[in-house]
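Engineer: Sequence:
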Amino acid sequence: MDYQKRYEQWVSNEYFDEKTREELMGIKDNYEEIEDRFYKDLEFGTAGLRGKIGAGTNRMNVYIIARATQGLADFIVQKGKEYMDRGVVIAYDSRHFSKEFAKKTALVLAGNDIKVYLFEDLRPTPELSFAVRKLNTASGIVITASHNPKEYNGYKVYWEEGSQILEDMASAITENINRIEDFSMIKEADEEEAIKKGLLQTIGQEIDDAYIEKVKGLSLRDDVDKEINIVYTPLNGTGNIPVRRVLKERGFKNVVVVPEQEKPDPDFTTVGYPNPEDVKAFKYAQKLGKSNGADLLIATDPDCDRVAAMVKGEKDEYIALNGNQMGAILIQYILEAKEEKKTLKENSYIVKSIVTGDLGKAIAKSYGVKTYEALTGFKNICGIVNELEKQGDHFFVFGYEESIGYVAGTFVRDKDAVISSMLLCEAAAYYKKQGKTLLDVLEDIYKKYGYYQEKLISLVLEGIEGKNRIDRMMKAYRDTYPTEIDGRKLAKYIDYQKQIAFDFLKDKEENIEIPVANVLKFIFDDHSWYAIRPSGTEPKIKIYLYTKGDNLESSQEKLKVMEKIIMKRLEEVE
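For the sequence shown, position 166 (counting from the first letter as 1) is numbered 166 according to full-length UniProt numbering, and the numbering increases by one without interruption.
Wrong hints could be hidden among the right ones.
[Claimed, not checked] In silico DSSO-like pairs for lysine-lysine, Cα to Cα no more than 27 Å straight-line:
(1) 540 / 498
(2) 52 / 280
(3) 52 / 103
(4) 365 / 448
(5) 361 / 521
(6) 216 / 338
(7) 342 / 390
(8) 455 / 475
(9) 448 / 342
(10) 290 / 280
(11) 253 / 216
(12) 455 / 564
(13) 564 / 492
(14) 345 / 390
(15) 447 / 560
(16) 506 / 489
[Stated by the list, open to error] DEER-style ranges, computed between Cβ atoms:
(17) 259 / 99: 18 to 26 Å
(18) 79 / 370: 31 to 39 Å
(19) 4 / 471: 23 to 31 Å
(20) 395 / 461: 41 to 49 Å
These are computed hints drawn from the structure, not numbers from a lab.
Every residue, glycine too, gets a C-beta built ideally from N, C-alpha and C.
My request is simple: use the sequences and hints to build the entire structure.
Structural biologist: And the structure:
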């Protein structure tokens, strides 16, 4: 069926509410908009659903949410009564329609006789992961679009380990969704009836308390400077209550919250793009930090699974730490403390993504800690934790990726900005007592392990043509790529989609064990490397550049040359 027919069906079908049909009638002469809304179904993948809010098959709305939930419900029913009785826990963030989408999800599950635990109000994504494990549910769902702009929302599905579903499960759920030929096939319970039957239960404080206690249990040192001045911004999201609570209960006395960004705001009025990875998100925090003399600024994204930081430098200016740098500092702090306390076990390991830098790996190696690599996304990072846990005799210490996602401990199987905020503040307070800032610690790390530098470039290419151009770029780069950059020779080429690696030094092709993904990686003979991949959740192609040098200047110069050559090759693709 073409997009125009789909559009006409939605406009004429009284199954869809009047507001939805009015919204669609308002675009009847905008054929480009009609095409974008109806040329495909919003795809359900390993990240669940994510898209712009609005009416249409390629948009986030209660109908698309209900259909996806029916697909998941069918999957759970196929697993049997035990899974239905264990049920599903649902959380949601501060975005437009998050509460409505969560309620719709709950009622569809209840309509399929599946037990539902629904959080009473917005909660951070990592607490949802915790709740799956705590309540021993079969599955979990969080309504969030993480750090995307205000026009977006999303729907992420977790399985019984507390981590996001992987490809095999996503494919099975997608098959169920595709069998739903008509929205009237979706089963939905009446709310009061669901409560009476015990199928819908509201949860809140008891899960909060258990979660916060577990987070505090990850603390490594108490002999720190708890007078350290910290400015925190939740960027109008879900982090405000849990992050402030855990820092207060850990004894940090000088934590000031950016007032304009304290309360939930689905429009993210003061920040626009609520991504703490972008230094612009720190505008209000920097202003408050300067007036308060803050040592550290921290910001969490709207669903509080990612955290970024800025540190006061020599001239009282704030310097941003990128995701790789913060990961290295946290690994150094955690492993140093564990070794000091003699709690670092044999067979301890960390996990990082394939596009995350190698500095953390070098630090881990010096402590005798192994590094495992996974595809991008914490579903893959925690997937490794799940597998190794089954084998026993492996001890997970830390997982991270360059896009400011981190987790420690095993009670959450996703990135967790509540945990990482606490550990980062604790590290900053510990080193402050030694007369050092986190910038000083980073410099010490560079001096010991080498000057690792990195840069992420994201080319935003929206719509159908944008997607097609990204596809052309990946194909063209597979066909032709630089084998030498400024005297550095290509040592290894990895194509994760074809699951092959070619070693140019040995003139040998090898198979790789990491699952299929549309990622290309190029490693040079001086340990510099770069990777290219389309984003799985945003209309972007991402280029990750990494260099290593004996000093900062040489490493940064290598980065500039690499960027120039790679971007020229990509921009040649029309």
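Engineer: Work down the list of hints and note, for each, if the structure agrees.
Structural biologist: Comparing the hints with the structure gives:
no.: 1; hint: 540 / 498; in the structure: 21 Å, holds
no.: 2; hint: 52 / 280; in the structure: 23 Å, holds
no.: 3; hint: 52 / 103; in the structure: 19 Å, holds
no.: 4; hint: 365 / 448; in the structure: 13 Å, holds
no.: 5; hint: 361 / 521; in the structure: 17 Å, holds
no.: 6; hint: 216 / 338; in the structure: 16 Å, holds
no.: 7; hint: 342 / 390; in the structure: 25 Å, holds
no.: 8; hint: 455 / 475; in the structure: 23 Å, holds
no.: 9; hint: 448 / 342; in the structure: 23 Å, holds
no.: 10; hint: 290 / 280; in the structure: 16 Å, holds
no.: 11; hint: 253 / 216; in the structure: 16 Å, holds
no.: 12; hint: 455 / 564; in the structure: 12 Å, holds
no.: 13; hint: 564 / 492; in the structure: 20 Å, holds
no.: 14; hint: 345 / 390; in the structure: 17 Å, holds
no.: 15; hint: 447 / 560; in the structure: 22 Å, holds
no.: 16; hint: 506 / 489; in the structure: 13 Å, holds
no.: 17; hint: 259 / 99: 18 to 26 Å; in the structure: 24 Å, holds
no.: 18; hint: 79 / 370: 31 to 39 Å; in the structure: 34 Å, holds
no.: 19; hint: 4 / 471: 23 to 31 Å; in the structure: 24 Å, holds
no.: 20; hint: 395 / 461: 41 to 49 Å; in the structure: 42 Å, holds
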